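Turn these sequences into a full structure, and let the hints steer you where they fit.
There are 2 protein chains.
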Amino acid sequence: MKRTAFFISDGTGITAESLGRSLLAQFSGVEINMLTKPYIDTLEKAQALAKIIESTAAHDGQQPIIIDTIVDQQIRDEIRKAPGFKVDIFSTFLEPLEQELGTRSSYSVGRTHSIGSDDVYMDRIHSVHFALDNDDGARTHQYDKADIILVGVSRCGKTPTSLYLALQFGIRAANYPLTEDDLDEDGTLKLPKALVPHRRKLFGLTIDARRLSAIRNERRPNSRYSSMDQCLQEVEQAEALYRILHIPFIDTTRFSIEEISTRMIAEAGLARRFSPR
Amino acid sequence: MKRTAFFISDGTGITAESLGRSLLAQFSGVEINMLTKPYIDTLEKAQALAKIIESTAAHDGQQPIIIDTIVDQQIRDEIRKAPGFKVDIFSTFLEPLEQELGTRSSYSVGRTHSIGSDDVYMDRIHSVHFALDNDDGARTHQYDKADIILVGVSRCGKTPTSLYLALQFGIRAANYPLTEDDLDEDGTLKLPKALVPHRRKLFGLTIDARRLSAIRNERRPNSRYSSMDQCLQEVEQAEALYRILHIPFIDTTRFSIEEISTRMIAEAGLARRFSPR
Numbered sequence: 001m002k003r004t005a006f007f008i009s010d011g012t013g014i015t016a017e018s019l020g021r022s023l024l025a026q027f028s029g030v031e032i033n034m035l036t037k038p039y040i041d042t043l044e045k046a047q048a049l050a051k052i053i054e055s056t057a058a059h060d061g062q063q064p065i066i067i068d069t070i071v072d073q074q075i076r077d078e079i080r081k082a083p084g085f086k087v088d089i090f091s092t093f094l095e096p097l098e099q100e101l102g103t104r105s106s107y108s109v110g111r112t113h114s115i116g117s118d119d120v121y122m123d124r125i126h127s128v129h130f131a132l133d134n135d136d137g138a139r140t141h142q143y144d145k146a147d148i149i150l151v152g153v154s155r156c157g158k159t160p161t162s163l164y165l166a167l168q169f170g171i172r173a174a175n176y177p178l179t180e181d182d183l184d185e186d187g188t189l190k191l192p193k194a195l196v197p198h199r200r201k202l203f204g205l206t207i208d209a210r211r212l213s214a215i216r217n218e219r220r221p222n223s224r225y226s227s228m229d230q231c232l233q234e235v236e237q238a239e240a241l242y243r244i245l246h247i248p249f250i251d252t253t254r255f256s257i258e259e260i261s262t263r264m265i266a267e268a269g270l271a272r273r274f275s276p277r
Numbered sequence: 278m279k280r281t282a283f284f285i286s287d288g289t290g291i292t293a294e295s296l297g298r299s300l301l302a303q304f305s306g307v308e309i310n311m312l313t314k315p316y317i318d319t320l321e322k323a324q325a326l327a328k329i330i331e332s333t334a335a336h337d338g339q340q341p342i343i344i345d346t347i348v349d350q351q352i353r354d355e356i357r358k359a360p361g362f363k364v365d366i367f368s369t370f371l372e373p374l375e376q377e378l379g380t381r382s383s384y385s386v387g388r389t390h391s392i393g394s395d396d397v398y399m400d401r402i403h404s405v406h407f408a409l410d411n412d413d414g415a416r417t418h419q420y421d422k423a424d425i426i427l428v429g430v431s432r433c434g435k436t437p438t439s440l441y442l443a444l445q446f447g448i449r450a451a452n453y454p455l456t457e458d459d460l461d462e463d464g465t466l467k468l469p470k471a472l473v474p475h476r477r478k479l480f481g482l483t484i485d486a487r488r489l490s491a492i493r494n495e496r497r498p499n500s501r502y503s504s505m506d507q508c509l510q511e512v513e514q515a516e517a518l519y520r521i522l523h524i525p526f527i528d529t530t531r532f533s534i535e536e537i538s539t540r541m542i543a544e545a546g547l548a549r550r551f552s553p554r
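Protein chains in written order, with our numbering: chain X, 1 to 277; chain Z, 278 to 554.
Since the hints were made in silico from the structure, they are not lab data. All values derive from a computational prediction rather than experimental measurement. Note that beta-carbon positions come from the ideal geometry of N, C-alpha and C, so glycine has one too. Hints may contain errors.
Said to hold, decoys possible - Restraint ranges, calculated between C-beta atoms of paired labels, are given here: (1) Z/LEU320 to X/PRO192: 39 to 49 Å; (2) Z/ASN494 to X/ARG139: 51 to 61 Å; (3) X/ASP144 to Z/ALA543: 18 to 28 Å; (4) Z/ASP337 to X/GLU95: 21 to 31 Å.
See below:
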């Protein structure tokens, strides 16, 4: 029996969706079609959406689950006219919080993910451009300004992770690829020269060789670069290097970019330049 | 009177923080120090955190606000021993949801932002590399594969937005800079040739000329490129172009990257390749 869930917001919908997915992830046995409806900020939009919810209920033969973070009471009332099981985040928690904080809430629309201060904006832009300028070992003279330097073999996830750190937390993350050129005579990896002065900023990434081979195959099919042998060898050498030099590392096969990033921040004790919007 | 809020999770903390910031944003008059504590997934960590909360309460002379998404009951109980005003998301909503869905919740730890399927991972990586490969007009032959092509003057926010679209939604966003080279004889901008066949995929960005000048000044101080005159002229021409060609556009001065991205998705009717993790 299929159910539908609506995550409804007068802003981006990020909060309603994040909470909604969290709650519904606890019901893995139930098939739920999840729809996010952002920017429901006028009565007209609310009325139109209420109609959609109504016809969804008729189609499903079940009332939809409605999780909303709409602040405006009139707009909410329109949505509430539609049939649904309502998870009412704001009215559940705002009143008790008003009492605890001894003040009325401002009931203002769509605040959470709005732009914030100029400083935050600039920090964010800077961090993204820092990550791009210092991607893939392209430039190493800015490493003294880096908060963290990600190392790992080609296509193990360094670039997406450094960009996520920049966008969400304003962290300046450089990244440097470990390649065969960094092999010693005896066939073990050694730390590339550019990284030696910044050893304490290093954070390693590793990846399952099979997944690495699949990712590389999409880039250069049937090449030595993407062969299982090559991937296995590179991954083993990189992990050996991390162990010898006590570089902390994370396996990107097992964790999402969100997890890798938040774990790195926790483990390396990094300071966020701002909070996720 | 300063208050402290703790956002506590057994996973990344992203959901607890997102909801917590949403709720507390409604109390703009109260100064609240917000701390996110992710990966509280053992009794030991919970006990250590409970002590921190206790001393924070003593220091503030006020009980902290505690917003958590911990699923494990034993771990929660440790946190609950600490003094605090508890906003109990999961136990407030999970039980009613269990009844509505007619099934028990799995009470599993840290599900929301965990890795998900291989497909999602690959889509995400691909989209990020697509954005990078097609950044700043560097390559235009992949535009037929783009979901959207962002246009705008240099440093108006194209790159961070295209990366956010890739990371959070798996959307393939290329971007192309509008420059003086695209000026017609009469001094108006014309659509660059590479963009003509993809006109319906275009989405414009604009920016306040003063902010643009500030951003450019950090890159090339006291240059013509960053002068107020130059910025004003470029911005005006770009906006005129959008209007003439009916290209939808958003002002990045007024909106955060989250808002720009979610508005674009809504306005352009883009399909997400996956949902935010």
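Query raised in the report: Going back to the hint list, which numbers does this structure go against?
Result: 2 and 3
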